[in-house]
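Build out the structure end to end from the sequences listed, making use of the hints.
So you can see what is in the structure, the chains are spelled out below.
2 protein chains.
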Amino acid sequence: MMASILIKNACLLPIDESMSIIEDGWIHIEGSTIQALGSGMPPQVNGAAVIDVDGDVVMPGMVNPHAHLAMTLFRGLGEDVDDRLFRYVLPMERKFVTPEMVRVGTLLGALESIEAGVTTIADMYYYETEVGRALDQAGLRGVVGQTLATFDPPDHRTMDEGFALVEKLVAEFSGHDRIIPSIAPHAPYSTDVATMARVARWAEAHPGVPVQLHLAEMDSEMEWCRKHHWLRPVAVVEKAGLLINGLIAAHCLHIDPFEIERMAKADVRVAHNARSNAKAGRGIAPIEAMRAAGIKVGIATDGPMSGNTLDLFSQFGPVSMFQKLLGHSRKPMPAAQVIRMATLEGAQVLGLDRRIGSLEPGKQADLIRINLSAPRLQPVYDIYATLVFSGMPVDVQDVMVGGRWIMRGRNVESLERRKILRDAGQIATAFKAEMAKIDAAG
Amino acid sequence: MMASILIKNACLLPIDESMSIIEDGWIHIEGSTIQALGSGMPPQVNGAAVIDVDGDVVMPGMVNPHAHLAMTLFRGLGEDVDDRLFRYVLPMERKFVTPEMVRVGTLLGALESIEAGVTTIADMYYYETEVGRALDQAGLRGVVGQTLATFDPPDHRTMDEGFALVEKLVAEFSGHDRIIPSIAPHAPYSTDVATMARVARWAEAHPGVPVQLHLAEMDSEMEWCRKHHWLRPVAVVEKAGLLINGLIAAHCLHIDPFEIERMAKADVRVAHNARSNAKAGRGIAPIEAMRAAGIKVGIATDGPMSGNTLDLFSQFGPVSMFQKLLGHSRKPMPAAQVIRMATLEGAQVLGLDRRIGSLEPGKQADLIRINLSAPRLQPVYDIYATLVFSGMPVDVQDVMVGGRWIMRGRNVESLERRKILRDAGQIATAFKAEMAKIDAAG
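Line by line, the protein sequences are chains A and B.
If you use my numbering, the first sequence corresponds to residues 116 to 557, in order.
If you use my numbering, the second sequence corresponds to residues 116 to 557, in order.
Since the hints were derived computationally from the structure, they do not count as laboratory data.
Possibly wrong hints are sitting among the right ones.
The list makes no distinction among identical chains, and a pair is therefore deemed to hold if it is satisfied within one copy or across any two copies.
Claimed, not checked - The calculated lysine to aspartate or glutamate pairs, modelled on EDC-like cross-linking and capped at a C-alpha distance of 20 Å, are:
#	residue 1	residue 2
1	552	198
2	446	198
3	446	197
4	446	334
5	446	554
6	478	292
7	210	276
8	547	138
9	547	139
10	552	497
11	547	497
12	342	371
13	123	145
14	354	376
Because the structure is a prediction, the values reported are computed rather than measured.
Structure, rendered in structure tokens:
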């Protein structure tokens, strides 16, 4: 027996080709799947739970194509410090990242994501099977990438150990409906060509397992690539044979027109982390030019130590403003395109657009309900501008993934909020003590 | 009989010189005034209403030093269009701005401001007595500036008529405890030297009436100043004798080091509108350099047609990120300084820092209570970083202005929310029809 749900009296944003807006819309869900949608009088569906959303917006759940959810537990540590990656992040990770820390941090991140209407997250971190389990428990959809790196990360000493973790992850989630295992070489400078080439061979033998990496993000990365290969990062990845169809490349700040052409041709996808990049003072990724060349670009949060929040609303302003600043005009990155990137295009980045990213018959019922009655959102002249420039996570009322409500009336039903916050608080106390030690050591 | 209030068990952020954080703090208010504050065991105050805030943050109410509140009614109109000032804004204003529109739009803006913990707003618009009355009704503090302009604005045809409106405004609010009348020559290009000189003479004869203007904001302004005066905007203002102590200059994007020196010497104050400037693709004001030169800079929203929201939380990220981008480093504009600009420094910009902007005995009790229990805000390592990078208006629980609660438990007690939203909706319907006509005319 599949549950039937009929949502009516909605302002539907299906995110179709024309970005149409269906006032007075309805949508019919059977089990995990969207059956039909339309405007005007909804059909009679025997036995369906009918939900009148009273004019609220119903749109696809948002897709966050790059995050390190467990880093919620580092959020706000070492802000405004230039050398924090090597001063704080890597030493703290080596000392504190355990399966339990990853589990608790990911649950905290999942809670925040659901409360913000994010339904699919691509994560890359350590002990990634824990991430997959936590996202499964949360009822979210995830692309979970086991990180591989040469800087003595918390969960593997050698690449053989790292690949063993990847194999374990793939074995655990192979065939899972919502959790997709992924392999995540950290970055060119932190894996080098040999490892990236090994990943490329492995990926070829495992079609359907997405590859994620950080790319062209930092000045120090540019220097490393030049020093060791006389090349820029995209060329180093290409040299390793990893500039492959479907590669999910996060950041891509230092990208020139030749690289854009090459990436477009290879069908590399980009996860844009506007806030994270800007907070680090690193720069602005040329996503307007990338999209013009046909590269799919999604809106991502990065880890909460870098971007602080895991909602996409906080990214909308920066994503739009940064391109307008680059173009010295109001025109670049119009609001409807921002919402498209947050949904369908994010799904395309992850190679999931046949299943999610828009409201269409046959697709998974991943959708959110947004209420626009706050004074800050009124009046509404252009629904996309309202969402992009005035929307906030608190406006999201209900969240459904694969036909299952995981938040209703802002209550996350799939997770134990109080316990997660208590567990996170305990871990944070230990971190505070360690930070004090690092600072005392000077 | 003055009411006594004792707030205890607070994380107090007084915004003093050292930006100290008083965990386990208390604050005692008598009538409109802060009597005392401290940490540990609170004093016994006979007859005081004792409020246990359960560890929540208590900090000064935020100061928004540049807004056009009534433009809430234009929010989201004509987004992503370059020539919208001349295509939409000015024609719509000429047609639709009436005392009633200003009243309703300002009330909507006041509602949003209170819900976001903003307690003082410097506004400049038309029919400004309506703005003063609406802010008074809302229980807010305001610096209300009657705009003077030569582009045939809605409420005056000549400068004599404009100055008559200023005189009327001053007469109505002279001596008012919370509403301070102000004179607002629109900008150099929209007033010219003769009018600015007349304002300078008038201001000299009316000490205590602040002068507000838009300055060095647009490329077209730069061109106008060069074409008509062979000068840059700051020099045009100086030529008119208006580069005076206490001048509140909004925007200040196109400012070079010589101008910074001159503005600092004159003690000109700056209202920084990060989102508005970036959304227009105009650029980034060099506020780090201005502040280093001793210029006081506040964080402002601009009108909601330009910046969309009237809360300062939405500005915090951009304010910080933009300076980090300019400096290509994480270090510029650290989080504590952002909060300082949003409170004490904003009060300094408006010349009100002897009365408001920090929690100190003898100052007005303008304060807000912020709850940090949302997953997005956890854990808290650095309270200022938490507020700047993860805080949102919904976290503000209670708002007090001059000892009076105007919001409690997120319920704005001074305004009729439902009526304001209904009135705003009716006006917006007329605007939509006019927009359609403008677009149909091409």
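A quick look at each hint next to the structure:
Within a single copy, residue 552 and residue 198 get their C-alpha atoms as close as 17 Å, which meets the 20 Å cut-off; across copies the closest is 55 Å, which misses it. For a Cα distance limit of 20 Å, the shortest separation of residue 446 from residue 198 across copies, 10 Å, qualifies, whereas the shortest one inside one copy, 36 Å, does not. For a Cα distance limit of 20 Å, the shortest separation of residue 446 from residue 197 across copies, 6 Å, qualifies, whereas the shortest one inside one copy, 33 Å, does not. Taking the shortest alpha-carbon separations for residue 446 and residue 334, only the inter-copy value of 16 Å comes in at or below 20 Å, while the best intra-copy value is 29 Å.
In the homo-oligomer, the alpha carbons of residue 446 and residue 554 lie at most 20 Å apart only across protomers (17 Å), although the nearest pairing inside one protomer, at 46 Å, exceeds that limit. When the C-alpha separation of residue 478 and residue 292 is checked against a cutoff of 20 Å, the pair qualifies only within one copy, where the shortest distance is 13 Å, while the shortest distance between copies is 60 Å. In the homo-oligomer, the alpha carbons of residue 210 and residue 276 lie at most 20 Å apart inside one protomer (19 Å), although the nearest pairing across protomers, at 71 Å, exceeds that limit. Taking CA atoms no more than 20 Å apart as the test, residue 547 paired with residue 138 passes between copies only; the shortest distance there is 16 Å, against 50 Å inside one copy.
Within a single copy, residue 547 and residue 139 get their C-alpha atoms only as close as 51 Å, which misses the 20 Å cut-off; across copies the closest is 19 Å, which meets it. Proximity of residue 552 to residue 497 under the C-alpha cut-off of 20 Å is restricted to the inter-copy arrangement: shortest distance 16 Å between copies versus 51 Å within a copy. For the homomeric pair residue 547 and residue 497, the shortest alpha-carbon distance between copies (10 Å) is at most 20 Å, but the shortest distance inside one copy (45 Å) is not. Taking CA atoms no more than 20 Å apart as the test, residue 342 paired with residue 371 passes inside one copy only; the shortest distance there is 19 Å, against 38 Å between copies.
Proximity of residue 123 to residue 145 under the C-alpha cut-off of 20 Å is restricted to the intra-copy arrangement: shortest distance 15 Å within a copy versus 53 Å between copies. Taking the shortest alpha-carbon separations for residue 354 and residue 376, only the intra-copy value of 16 Å comes in at or below 20 Å, while the best inter-copy value is 52 Å.
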